[in-house]
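J.: So you can see what is in the structure, the chains are spelled out below.
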Amino acid sequence: MTAEVKAAVYPPPAEDEGRDGLLGWLLTIDHKRIGLLTIGTALLLFFFNGAIALTMRAQLAQPNQDILSPQAYLQFMTMHGTGMIATTITPLALGLGVYLVPLQIGAPRIAAPRTTLLGYWFYVAGAIMLIWGFLTPQGAQSGWWGYTPLSNSMYTPGPGQPLWVAGFFLAATGMILQGVTTLWTIFRLRAPGVTMMRMPVFTWAQLVTVLMVVAAFPALLAALLIIVIQRFDPGLGASNAWNFAYQELFWFYGHPVVYVMFFPFVGCVAEALSTFSGRRFFGYQGTVLSLLVFATGSMAVWGHHLFASGQEVNDYFSLTSIMLTIPAGVEYFGFLGTILGGRLRYTTSMLFALAFIPQFLIGGLTGILVANPTIDYQVNNSYFILGHFHYTLLAGSFFGFMAGFYLWFPKATGVMLREGLGKLHLVLLVIGTNTTFIPFFFLGMRGMPRWMATYPSGAGFTTLSLISSIGAGIIGLAMLVLLWNIYVSARFKKLAPPDPWRGQTLEWATSSPPPRFNFNLAYPVPKVRGYAPLFDLRERARGEQARGEQVRAQQAAEGR
Amino acid sequence: MERRFSAAFVVALWGVLNAVMAALLAGFIAAGYGATMFEVWVYGSASGLVILIALGVWWARRRSGTPLARGLRIPARPASVVLFALAVMLVWLGLPFGMWLPILAVIPLGAALMMEISARRPG
Amino acid sequence: MPFRNQFAWLFGQNTTIAWVVFGLVCFTLLVAIALSWWRRRRGRPASDKAESNRLELGYVAALTGMVVFLVISSFAANGKESADPPVTYRVQVTGYQWCWRFSYLGTPLAVSGQCGGAQLPVLVLPAGQPVELQVTSSDVVHAFWVPYLRYKTYAYPGHVNKFTVTMPGTGKWIGRCAQLCGVYHYEMDFWLQVVSPAQFSQFLTNGGHLR
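Chains as they are written, first to last, in my numbering: chain A, 667 to 1226; chain B, 3 to 125; chain C, -2 to 208.
FYI, nobody ran anything at the bench for these hints, they're computed from the structure.
Ideal Cβ placement from N, Cα and C applies to all residues, glycine included.
Worth double-checking, as some hints may not be accurate.
Counterexamples of contact, computed for chain C against chain A with all Cβ distances above 12 Å [as the list claims (entries may be wrong)]:
| id | residue |
| --- | --- |
| 1 | 103 |
| 2 | 108 |
| 3 | 128 |
| 4 | 192 |
Only pairs whose alpha carbons sit at most 16 Å apart, straight line, appear in this in silico EDC-like list of lysine to aspartate or glutamate [what the hints assert, rightly or not]:
| id | chain 1 | residue 1 | chain 2 | residue 2 |
| --- | --- | --- | --- | --- |
| 5 | A | 1159 | A | 1085 |
| 6 | A | 1193 | A | 1205 |
| 7 | C | 159 | C | 129 |
| 8 | C | 46 | A | 981 |
| 9 | C | 159 | C | 81 |
| 10 | C | 46 | A | 1202 |
| 11 | A | 1160 | A | 1085 |
| 12 | C | 77 | A | 981 |
Here are a few chain A residues that face chain C, going by a calculated C-beta distance under 10 Å [what the hints assert, rightly or not]:
| id | residue |
| --- | --- |
| 13 | 798 |
| 14 | 947 |
| 15 | 1004 |
| 16 | 1020 |
| 17 | 1045 |
| 18 | 1117 |
Looking at chain A on its own, in the form it has when it is part of the complex (with noise of 0.2 Å):
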């Protein structure tokens, strides 16, 4: 019953089939077109900030080395940092949202779809001003911080350092009319039945998301404005008021910015353990309250990275940052809980959810002794906190977005990837990431700062700097095979049916690709009892099969 009524809700109107072709694309208000275009310009910028990171670590193989200029050095470092952050992770993490949240909740659009579409648009723009400024002689080379005085007029003239400013600017202004029109979609859009509490993990996880989007990004604005100010007024930079307001607001954005760049691949990560478990994300009710602590916590963090400022109430931001470790823990509690009673398939996307937990767990455990202000004042800016951030960021996100990307491609595309080429995908970056970073623990121990062009032969540092950069190669490996699986299987199509997994949540009632308004007749919403709606269908259909086969074999016995 609640099938048909869903169906006749959604006739497609014959203006809005969708051009096909390039402007159709470019000018779509489908949802699932313009996360696609977010997820995949997104994907392009990974291999260019990657490309820049491979020839950072080419200079940084050796001392003394000539491959960049000084100059150069800390333009290529900028565009990497900025770049990644502001439009490589933080576009997958929104776009992959605004792509996949309306599908989990059954509704046949997003809210707001020109207000989501004009995100896309501003993040582009923002992109184009980033590249720019990068490609200019005086390019952006205050680090992706941007701390003044540093990047006023004064000290860094040129057209570089403003058009790093509005490109931040536009691309963060993207991402929240994104983040903005996503929580409306949660709010106003979620089909009959599809309670808070009934909601999958990926859906929560997005949720808090783009709360932290909404509550922390205006303070970027903000901070971005006072290097406007700057720029006109670059006498303000000997203000130490002035100059520490701007730290305060850009690490109030900061640090929720790093969460926002986690929670969605986390989501990923549950629903790829709980599909190739075979059962129930474990502990839902756990994971939700531990989502919003979490959340509610890295809004409270951002002060440990001011500890060496001398400025900061460092021991109430060590108490917050330690108690991160509840919520983090609650999760793992998750993702262990799920596969201690599974029956695990490993397929590419399971593998890359395993290694996302002890991967992480690295870059986790070391924020951890970081959030002791002691330790902090040793390691901060040295090389042990790039470790610690890129294991978070590249060994625990990237790869739990590896984990989505392998579970979800077929769905968004009608095509299955190459399992071969994709679990020599995962080996390569595994070995890659652990070459190219745990030696960043050793460095930072040994003393090597952030921010260096290059490094004086008798330091201590070449031996470890030439291995980080072998493993730098392995990974810029690992992602060509990535690019050869999509060649290979789009030149090669296995197609993919509607549940090519044994899915558990909504999308997997639909097509692969979903129909222009993700259900219709062919493909209703299926009755939602909780929150792994298939998995409940499934579990019903044996139950009545096998009381329909007790009930057969009772009258055969009567019958005898």
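Chain A is already provided as a structure; the job is to place chains B and C on it using the hints.
T.: Frame of chain A, contents of chains B and C only:
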């Protein structure tokens, strides 16, 4: 725990949790652990914004009833969105390159506005 | 000298705990894989239990206990590092693009150098006597870091960060700038050299020369 939570409740809860953390920060600062109240203002206003959003959701819900009430009104003219983004980009380009670029922004902005107006005119 | 000692015990304690946690999680992961293999062999289905609230609450209680312990450790170490003994000397450390200047307050002596490999500036301090370092900047934000010391602090224009060190013995250790401050940030090194109090007095009076 089969209690039903509304979205507004979840957001309000999150806003309140943050407000509590902001108050704790204020307590630490007042007790002499250092720093100025600026950061409390920042955190406090962010928490306040979230609570306002929760109130907005609750109010919108009360006004219109069921979630799917909006139906499928297909918005027209997505192209105006791209023109608007271009206009904003041109305004920002004034910062590195000079004030003549924001003046140029009038063109795509005007085009976008005309598209919007013509889309809303009947017929 | 509190920084080295506090760092040593806290880092040692916390990395031990971290290794134990890492080991436990990896072990659990392997157990899960083993259990799954066993289920397949026996033809058993996956478990249909979706939660274990008592276990989870107990686990959260254990985590909370660990967090309380870690927070108390953090506060204790941080508290010990903020000790303020009465000082005999004060040195103003000024970072600038792209080198350092050390002004010995109460004397006309100011020492600098040429960073970029040539003649790194040397911060000379006496052994066994508390010295207050006042760190500031004359242009952009820098940071004063001596890895041997296990401590760094930021150098802001228009603001002074003060801390006290008592160096136990003589020696010479490298110092680095630890906040991105422009093109030659990577060269902005200096030396911290600790000499006997007698040598230090001589150093102050003979125009900043060490014999």
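J.: Does residue 1202(A) lie within 16 Å of residue 46(C) when you go C-alpha to C-alpha?
T.: Judged against 16 Å, a Cα distance of about 13 Å means the pair holds.
J.: If you draw a straight line from the CA of residue 159(C) to the CA of residue 129(C), is it 16 Å or shorter?
T.: holds (7 Å)
J.: Quick check on residue 1004(A) please, does its C-beta sit within 10 Å of some C-beta on chain C?
T.: Holds, about 9 Å.
J.: Is it the case that residue 108(C) keeps its Cβ farther than 12 Å from each residue Cβ in chain A?
T.: Given that every Cβ of chain A is farther than 12 Å from that of residue 108(C), nearest at about 22 Å, it holds.
J.: Need the status of pair residue 1193(A), residue 1205(A): alpha-carbon distance at most 16 Å?
T.: Holds - the C-alpha atoms of residue 1205(A) and residue 1193(A) are around 13 Å apart, at most 16 Å.
J.: Given the proposed pairing of residue 159(C) with residue 81(C), does the C-alpha separation stay at or below 16 Å?
T.: Roughly 10 Å between the alpha carbons, so the hint for residue 159(C) and residue 81(C) holds.
J.: Given the hinted pair residue 77(C) and residue 981(A), is their alpha-carbon gap at most 16 Å?
T.: holds (13 Å)
J.: Is the nearest Cβ of chain A still more than 12 Å from the Cβ of residue 128(C)?
T.: holds (17 Å)
J.: Regarding the hint that residue 1020(A) lies at the interface with chain C, is the smallest CB-CB distance below 10 Å?
T.: Residue 1020(A) check passes; min Cβ-Cβ to chain C is 7 Å, inside 10 Å.
J.: For the pair supplied as a hint, residue 1159(A) and residue 1085(A), confirm whether the alpha-carbon distance does not exceed 16 Å.
T.: Distance of about 13 Å is within 16 Å: holds.
J.: Given the proposed pairing of residue 1160(A) with residue 1085(A), does the C-alpha separation stay at or below 16 Å?
T.: holds (12 Å)
J.: Per the CB criterion, is residue 1117(A) less than 10 Å away from chain C?
T.: holds (4 Å)
Violated hints, in rising order: 8 and 13; the structure is consistent with all others.
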